[in-house]
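> Chain by chain, the residues:
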Amino acid sequence: MTESHTARLRAAEVTIGYDRRVISTDLSVDIPDGSFTVIVGPNACGKSTLLRALSRLIDPEKGRVLLDGKDIHGYRAKEVARRVGLLPQSSLAPDGIRVADLVARGRYPHQTLLRPWSDADELAVDEAMAATGVTELAGRLVDELSGGQRQRVWVAMVLAQQTPLLLLDEPTTFLDIAHQIELLELFTDLHEAGSTLVAVLHDLNHAARYATHLIAMKDGQVVAEGSPGEIVTAELVEEVFGLPCVVVPDPITDKPSVVPIGRVRPLREH
Amino acid sequence: MSAVLPDAAARMLSIRLGGGIWRLELRTLVIRIVLLALLLAVGGAALMSGTYQLDPSQVLSALSGGGEGTIRKLVLEWRLPRVLFAVLGGLALGISGAIFQSLTRNPLGSPDVIGFDAGSYTGALIVMLVLGSVSYAVIATGAVLGGVITALLVYLLAYRRGIQGFRFIIVGIGVSAFLVGINSYLLISTGIQEARAAVAWGFGSFSALGYEQLVPFVLVLAVILPLVMLARRGFAQLELGDDAAKAVGVDVERTRLTMTVLGVALTAIVTAAAGPIAFVALVAPQVARRLVRAPGLDMVSAGIMGALLMLSADFVGQRIDITVGLVTVVLGGGYFAWLLIREGFRR
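Line by line, the protein sequences give chains L and X. Here this note's numbering runs 3 ahead of the position in the first sequence, where the first position is 1. Here this note's numbering runs 16 ahead of the position in the second sequence, where the first position is 1.
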């Protein structure tokens, strides 16, 4: 089940939760370098909690999250932010902010009191907007954008941070299907350009199609991990989600595709 | 002025200095310059006019240390400290208002609304009426303590796994109402002479202030303002939400606590010196924001706006013989009504 990868980011036997409610106990996860890792699992299985622990948003009660071999909480906050970028589940755009200004907020970890802005910042913002296709929107107010455009702007902000590792917490949840695919294609481009990505996704078919490394979680524990072709089986989906299904190859990519059985009505005979 | 410029570069002014670039929106810069010019004009008018009218050349020569002895005394010892107090006090209140409105994400979340002024008054009243002190320094200390303790109380009562803006404001308004009751009780249960003096303090006035009060005020301000400027950039990132702010490397809890302390301090030093002056902290950041139209709350513009509001209020108050605190209450009351009506119609 586990292969030997190098992993700049990993959780080592962490116990994580909120307040006193423990979500995961002794959980160990490696994020293979250069992978597009997708974490899937039913609601409340702890996948977002794991992502929050990996991005230093919550502190494990036990165990450690290791970034480049060192406890992530041992770094200065800005140092982590130069290596790991995060697209949180929900963010707020300040009133009246324009696209270019919001994207520029991603440059914070690269700035100092005496160097509030630099040519490198300018370049990073331009590149991030170009990569996400929001260059034309640079002068627009974020409040006026559609949901799909706004999410691309938030992605641009994280890209402007220029981190080798990118964590994405349910990036596609509130988008329509076309915008979901558009965003996943963009993530694939970023992955091919050399970034390591970790995303929490709800849609199993999207996960199976776009992930190079899949982690399936249930009740705070990892049930299976590996390439989608190896691990996505009807048995696993039944075990993790309690959903009877068949797994067939996706006609476009040949990757596994999950078709729920549901309550099967007898087919009409011809 | 309302045209939307699509090109980001055209509305941004960049200044290169050393290895870094300082950027400012062109509109923000223009507004600040206009506000500063107005401030200078009102300040000049305040130095010139009064029971003894002076012309600009007399004021200028007095400021540069020349001119007649009596005029120099009038300008430098009587009128100038008052103008400086109004300007710097307004600056402090404007910035303090911007801090709390940003922390609470709410235009009502200013220190006067959430009870810090009432608490300072309680502190001062206890010193004046219960301890029977008339010393300025002791009263000022009482006011600062009252404000800080109130802030702490509101913070603790509103704390539930972090601070949430709306709960903070509601708790603050509740604490404020409670303190107003205590203040009334303290005033009623005392002699009429003492009560009169205490009530006068409660209206907020600059008329009794001289360099003796100005110097410590300026010294404290000179410590607080650089700290605010240091924490400002990280603080602005909090507008993105806690998760996003943490993700770009902001120490969210520490930044929030630092700014709360600095904001309380800014209000407390003004109240300590001049008594509670309501509504400048509430109004200045919002007016500045509407003029500047930059994202989020712009503390520098809010501070300049606060200075202008305070100086103008004192100027007007002096002409019709009421205290600056009363003028700001009247002005602020109108603004408050307008805000509530507007919010009401939006629903």
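Rather than coming from a laboratory, the hints here were simulated on the basis of the structure. Note that the Cβ used here is the ideal one computed from N, Cα and C, for glycine as well. A hint or two may mislead.
Said to hold, decoys possible - Residues from chain X shown here face chain L by an in silico Cβ test under 10 Å; the list is partial:
#1 Gly-35
#2 Ile-37
#3 Trp-38
#4 Glu-228
#5 Leu-246
#6 Ala-252
#7 Gly-257
#8 Val-266
#9 Pro-311
Claimed, not checked - Ranges between beta-carbon positions, derived for each pair:
#10 L:Phe-177 <-> X:Val-346: 53 to 59 Å
#11 L:Glu-195 <-> X:Arg-183: 30 to 36 Å
#12 L:Gly-99 <-> X:Ala-238: 31 to 37 Å
#13 X:Arg-183 <-> L:Glu-242: 54 to 60 Å
> Decide, hint by hint, whether the structure agrees.
Results of checking the hints against the structure:
no.	hint	result
1	Gly-35	holds, 6 Å
2	Ile-37	holds, 4 Å
3	Trp-38	holds, 6 Å
4	Glu-228	violated, 35 Å
5	Leu-246	holds, 7 Å
6	Ala-252	holds, 8 Å
7	Gly-257	holds, 4 Å
8	Val-266	holds, 7 Å
9	Pro-311	holds, 3 Å
10	L:Phe-177 <-> X:Val-346: 53 to 59 Å	violated, 47 Å
11	L:Glu-195 <-> X:Arg-183: 30 to 36 Å	violated, 46 Å
12	L:Gly-99 <-> X:Ala-238: 31 to 37 Å	holds, 32 Å
13	X:Arg-183 <-> L:Glu-242: 54 to 60 Å	violated, 43 Å
When held up to the earlier numbered hints, the structure conflicts with 4, 10, 11 and 13 and fits the remainder.
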